[in-house]
Amino acid sequence: MSLIDVENLTLQFRTDEGLITAVDNVSFSLNKGEVMGLVGESGSGKSVTAKSLMHLNARNAVYSPESRITLHSDAGPVDVLSLKKPADLQIVRGGAISMIFQEPMASFAPAITIGKQMVEQLQLHSDMSKSQAKALSVEMLDRVGISDAAKRFDQYAFELSGGMRQRAMIAMALSTKPKLLIADEPTTALDVTIQAQVIDLMKDLVDEFHMGIIFITHDLGVVAQTADKVAVMYLGRLVEEGPVREVIRNPKHPYTQGLLAALPKLDDLDAPLTPVPGDIPSPLERPSGCVFHTRCAQIVGDVCRAQLPVADQVDDTHSVACHIYSGGAA
Amino acid sequence: MTDETLIRADGLSVGFKIGGGLFNSHILKAVDGVNIDIARGSFFGLVGESGSGKTTLGRALLKAVPISDGTASYDDGEVSYDLTTLQGPDLKDYRKRAQLIFQDPYAALSPRMTVRDIIAEPLEVMGLTRTREETDQRVREIAAKCRLNLEHLRRFPHAFSGGQRQRISIARALVSGPKFIVADESVAALDVSIQADVLNLLKELQRDLGITFLFISHDLSVVAHTCDHVAVMYLGRLVETAPTRKLFTAPRHPYTKALFSAIPSLDPDDRGRAQKLTGEIPSPTNQPPGCKFHTRCPNAIDICKVQEPALENPGDGHEVACHRWRELLEQVPG
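Residue numbers (this note's numbering), protein chains in the order written: chain A, 3 to 332; chain B, 14 to 347.
It is possible that some hints are incorrect.
As the list claims (entries may be wrong) - Lysine to aspartate or glutamate pairs mimicking EDC-like chemistry, simulated, CA-CA at most 16 Å apart:
1. LYS259(B) - ASP76(A)
2. LYS205(A) - ASP232(B)
3. LYS259(B) - ASP272(A)
4. LYS34(A) - ASP76(A)
5. LYS270(B) - ASP272(A)
6. LYS259(B) - ASP270(A)
7. LYS267(A) - ASP232(B)
What the hints assert, rightly or not - Negatives, chain B to chain A, calculated, CB over 12 Å:
8. GLY64
9. LYS105
10. ARG145
11. SER189
12. PRO281
What the hints assert, rightly or not - Here are the simulated distance ranges between beta carbons:
13. SER44(A) - PHE29(B): 41 to 51 Å
14. HIS171(B) - ASP209(A): 50 to 60 Å
15. LEU58(A) - ALA263(B): 42 to 52 Å
16. ALA201(B) - LYS205(A): 46 to 56 Å
17. GLY303(A) - PHE169(B): 55 to 65 Å
18. ARG153(B) - GLU68(A): 47 to 57 Å
19. HIS171(B) - MET107(A): 20 to 30 Å
Everything labelled a hint here was simulated from the structure, so no lab data went into it.
Where a beta carbon is used, it is the ideal one built from N, C-alpha and C, also for glycine.
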């Protein structure tokens, strides 16, 4: 059953240099209990897309009139982008949707204890008493593997190590029992051994809480380990989407193929590293036609420079937006 | 490549004084008795978690932090220096020969200087060129080598993407004609697509200019693809060092093995629980007795808790500091 539907999401930012397109006509949906990996380089619009789900983008964001985000909550469908008042927004900001950020040190207030911040948000989103909220918070800290949870509850973020802070962040995000968890690069700032612990923890929590997760990352290894399906973004466009096995073993879009080829592989140390040629263009100089054509090694003709490719179904679940597959060469 | 040593360290330690008072201060050993041999022209990898002392070791070899104990020497065939006593004009000369590339290309470049000025600054500070024409000529040469568009030299860093900025940082490090470069997490902040490009550039410089690199990284797959020789650090100690292929095909230290198993596999069907290590690296101010790794080691026995293993060389160039590595060798890797 569908949990959240994103349709034709287009988002621009008003800046001194003019309108900058961050997300361009992106559609996808996520079912309950499903884990989706959202992959792309910096500047591809993955974080902005995720923040749109919580209507959390800066004030200079302009959504196109066709953009629609529908959250299927227990109380019926919610049109996220039409929410305005802070009280109405609570359901997508910590209520039914929670978010884990990349930098756990920056996401906790430095001068307030971890516990106080956890209790505060629980009281905001439920009618729990202070002592109930505290009991649940300590239980959640314990659940994510923080030893001596009752003591940690009264500590400040700086007293915790990086891995522990990220666990506390996860505990806090999950304590309101969200339907959808957005994890924005949750393991990027961590060491590999700690990353492995956090990934294992998140796998356990998916089984236990049965929530939908959108996992934003640039690490395809992390995606392969956690996600059911993958969406690949480039310059605000969704270029490929499909089940994780399909996309990683049988990538269709030249950009997805490039990302996989650029990864250093441990089982073949002699394989040369092949970068995706060129740099991601500045958002102010958006290429015409297919946004990837300036870096694409498999251009089929002028059509790539002139015409935006539409998403084609490779099969029922796997789609790709590239002229190679839409008969663009003809 | 030659077999001659560029950098040799023996029992190298770096300590920092912690705490202000006269009586309650103590010494934190960030690097503790490290022996290391870096061959001329090699690409030497240094691996470990945050807090393992890899950055401090790199800085000590650059004479950027004082060496508190042990010896370290530099010999590039033209000059040789004792790094523990180096000072005055010799130290100035060493600064030209040994350079550093930082992790974050966004923080490492002054936003108020043009790319040309950033690359030219070391030349002016070190007095390597006399005239402006000479400086410009040198900057253009280096920029071309780092595949920077000469048009871009007049721009400011904010106009560039992460990969381009990192190429600017590399150009700045190269401009004084160094023989030894410490690259500290130099690709960690980059996207994978760009990372491969910067790594290929560094390898090219090693080949074409004969520069020796100390490549500090926490990313084992990157190290596996670029380095000739790898050393693994844990809590200020070297726990294993070997030629790359040996280390990656048959790691001997339980910590190295755990690091390997923690790398997320690209195969969606291989979702076995990767994690073999529990807990986190202990604080360097409160180090465990015995083997530093015993608190997290799945193979620890009693002797590990009391006696620290020395780095032993079984004669095949694959050194390891573990009491049990021989018996663990016979176990089938699981």
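Here's how the hints hold up against the structure:
1. LYS259(B) - ASP76(A): Violated, at about 56 Å.
2. LYS205(A) - ASP232(B): 23 Å, violated
3. LYS259(B) - ASP272(A): The given pair, whose Cα atoms are some 14 Å apart, holds under the 16 Å limit.
4. LYS34(A) - ASP76(A): 12 Å, holds
5. LYS270(B) - ASP272(A): 21 Å, violated
6. LYS259(B) - ASP270(A): 14 Å, holds
7. LYS267(A) - ASP232(B): Status holds; Cα separation ~12 Å.
8. GLY64: 9 Å, violated
9. LYS105: Given that every Cβ of chain A is farther than 12 Å from that of LYS105(B), nearest at about 36 Å, it holds.
10. ARG145: The claim holds: ARG145(B) sits with its nearest Cβ about 30 Å from chain A, beyond 12 Å.
11. SER189: 27 Å, holds
12. PRO281: It is violated; PRO281(B) is separated from chain A by about 5 Å at its closest Cβ, not greater than 12 Å.
13. SER44(A) - PHE29(B): 41 to 51 Å: Taking Cβ atoms as reference, SER44(A) and PHE29(B) lie about 34 Å apart, which means the hint is violated.
14. HIS171(B) - ASP209(A): 50 to 60 Å: 45 Å, violated
15. LEU58(A) - ALA263(B): 42 to 52 Å: Holds: the Cβ-Cβ distance is about 49 Å, inside 42 to 52 Å.
16. ALA201(B) - LYS205(A): 46 to 56 Å: Violated, at about 25 Å.
17. GLY303(A) - PHE169(B): 55 to 65 Å: Violated - the Cβ-Cβ distance for GLY303(A) and PHE169(B), about 38 Å, lies outside 55 to 65 Å.
18. ARG153(B) - GLU68(A): 47 to 57 Å: 50 Å, holds
19. HIS171(B) - MET107(A): 20 to 30 Å: Holds - the Cβ-Cβ distance for HIS171(B) and MET107(A), about 25 Å, lies within 20 to 30 Å.
This entry does not satisfy hints 1, 2, 5, 8, 12, 13, 14, 16 and 17, going by the numbered hints stated previously.
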